[in-house]
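Chains as they are written, first to last, in my numbering: chain A, 1 to 143; chain B, 1 to 372.
To be clear, the hints were calculated from the coordinates, so they are not data collected in a lab. The structure presented is a predicted model; accordingly, all values stated were derived computationally and were not measured. Take these hints with a grain of salt, some might be off.
Here are some, though not all, of the chain B residues that point toward chain A, as calculated from beta-carbon distances under 10 Å [said to hold, decoys possible]:
id, residue
1, Met71
2, Leu163
3, Glu358
4, Lys367
5, Ser370
Calculated Cβ distances over 12 Å to all of chain A for the following chain B residues [stated by the list, open to error]:
id, residue
6, Arg37
7, Glu78
8, Gln130
9, Met135
10, Glu147
11, Asp153
12, Ala159
13, His160
14, Arg165
15, Pro173
16, Lys180
17, Glu200
18, Leu285
19, Gln331
20, Phe354
Simulated coverage check for chain B against chain A, where a stretch passes if three residues somewhere in it have a Cβ under 8 Å from a Cβ of chain A [stated by the list, open to error]:
id, region
21, 60-66
22, 334-345
Every residue gets a Cβ at the ideal spot worked out from N, C-alpha and C, and that includes glycine.
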Amino acid sequence: MSDLSIIAHDYELNAEFARKFNEAVLNLKRVYLLRRAATPDTQANVGKSRNDLRQLLESLISALEDQGKTWTADQAQVPADVLERLHKRLKGELPETILEFRRVTEILTKGAALDEAAFAALDRVCEAADATASAAFRRLRRI
Amino acid sequence: MPSLLHSLLLDLKRRGEGVLRELNAMQSLSPNFEAHRTSVVSRLERTLLVVDRLLKDPDLANPKLEPNFFMDFKRLSELVLNVEDSSLLILKRCSQEDRFLSALLQQICREVGYKDPAPLCGALSFQYFQALMGMDIIMTPQTQASELLALPDLYHELAHFVLFRRRSDFEVPLLGLIHKFFADAIRKGKQQGLPKASLEIIRDNHALWTSSWHVEFACDMVATYWCGPSYGLANLRLSATRGDPYQDSATHPADDARRAGIECILKLAGDSKAASEIDRAWLDLKRLSPSVQPPGYAKRYSTRLLEKLAESIYTACSKAGFKRFADQRTQASAVVCRTVSEAWDAFQRDATTFPAFESSAIAKLKKQLSLP
């Protein structure tokens with residue numbers, strides 16, 4: 001009823017997206033950037049992280065490309081605030097960034113190793129999602 | 001020298017342990033408060049385990065991972081602050097009013113068929129009603145325990161939990177309808193050769209509907225499904241205190257548009273008579289107000305779109321097994337639903353004698369909920 005209920009709704013969606021995306025990126029950075037050997041336990045984590053990231057990236061690409069195309073429920077995976085922030089941040093370089101996201105998605109689908117450039121692209125999403133969650137939290141606490 | 005992030009995590013651990021100590025020191029809470037305390041303690045313990053794991057992580061200071069660990073830190077810190085600000089606050093106070101409102105909300109959950117554990121309720125808000133979905137808490141105005149006419153708003157706050165937790169059944173279909181509606185409007189506008197400025201207005205309206213308005217409309221609609229005409233009357237009462245019924249904001253659609261959404265659900269529930277009566281009361285309110293519909297208002301709040309949203313919400317409520325107002329009213333056990341409805345009847349009949357009715361009805365409710 002008050003603004004706070006809506007802000008709380010936004011915060012939960014944004015924080016969950018940020019947490020999930022960042023967790024998957026962290027797990028994969030350990031394996032592909034730091035070359036930490038995967039144990040049977042962490043192997044399952046790596047598989048899940050690759051899958052989570054692929055799904056989230058596909059939704060993100062679909063949402064970022066939504067210019068007059070039919071909206072699909074899949075796009076709802078990406079909170080509107082995160083999308084808005086990414087649009088603002090990527091202004092002017094959106095087509096190239098989408099191409100890079102596509103390349104990362106293909107790597108994830110094929111099961112191949114992620115390179116530095118792939119992590120740079122993924123970190124841009126992490127940063128936008130983190131900034132969005134933090135902004136919603138500040139609105140929630142009015143700080 | 002330890003990294004800044006290491007020190008911040010140690011500080012977070014200390015703060016979290018402090019909150020945990022306070023939570024663990026609480027004794028003799030009523031059952032629903034104790035259930036909330038137990039759940040928060042377990043969540044906080046899990047959070048502190050994650051903090052410990054991060055502190056021991058050999059890669060914590062690695063420059064390639066450090067920014068990502070810092071993001072993790074922020075989410076964990078936010079959780080600890082949320083626990084301190086909401087759960088700890090309500091649990092420490094646990095006043096007679098909070099206990100009554102929490103028992104009332106628990107009863108509402110039973111009556112409407114809300115199957116998750118009932119959120120805890122505290123009369124601690126300084127900003128009308130608030131739903132804190134992540135913390136399972138609803139805050140109400142401080143005098144809410146002694147008044148009935150605003151109680152329908154508690155149903156609205158409960159609906160926020162439904163929208164959030166059953167997002168794919170409730171919110172996502174609405175987003176689909178809204179996106180299609182505005183995509184069609186843009187396409188038609190282009191075909192008709194509308195100027196750029198007009199297309200921009202359609203795009204702005206689209207953004208407002210998909211950012212927050214759809215959630216507010218949906219919560220009104222779920223609340224009306226549960227609470228019936230009383231919700232429409234409570235909306236009118238609230239609007240009367242807020243001024244211009246055509247004024248909207250980035251987070252909330254205009255009160256008059258919300259009325260239209262509420263009436264859509266009443267009609268779907270077969271209560272057109274109540275919808276017309278509320279409409280008449282609104283005409284009376286508008287007669288008192290100098291406000292006029294701003295230009296473009298009818299296009300901004302399309303009746304056709306509201307009707308589609310109402311159909312979607314009505315179907316989702318039905319599929320979720322929620323009980324309509326009409327179904328609850330016939331059940332002897334639905335004491336809150338009946339009391340709220342009777343309160344609005346009594347108020348409309350005679351506002352002068354209403355305070356006496358209200359006091360007696362609240363005393364009866366407390367007795368029915370086995371509260372002192």
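Against the structure, the hints:
no.	hint	verdict
1	Met71	4 Å, holds
2	Leu163	7 Å, holds
3	Glu358	20 Å, violated
4	Lys367	28 Å, violated
5	Ser370	28 Å, violated
6	Arg37	21 Å, holds
7	Glu78	5 Å, violated
8	Gln130	4 Å, violated
9	Met135	8 Å, violated
10	Glu147	15 Å, holds
11	Asp153	5 Å, violated
12	Ala159	10 Å, violated
13	His160	5 Å, violated
14	Arg165	10 Å, violated
15	Pro173	8 Å, violated
16	Lys180	7 Å, violated
17	Glu200	15 Å, holds
18	Leu285	18 Å, holds
19	Gln331	26 Å, holds
20	Phe354	22 Å, holds
21	60-66	holds (count 3)
22	334-345	violated (count 0)
Hint check: violations occur at hints 3, 4, 5, 7, 8, 9, 11, 12, 13, 14, 15, 16, 22; the rest are consistent with the structure.
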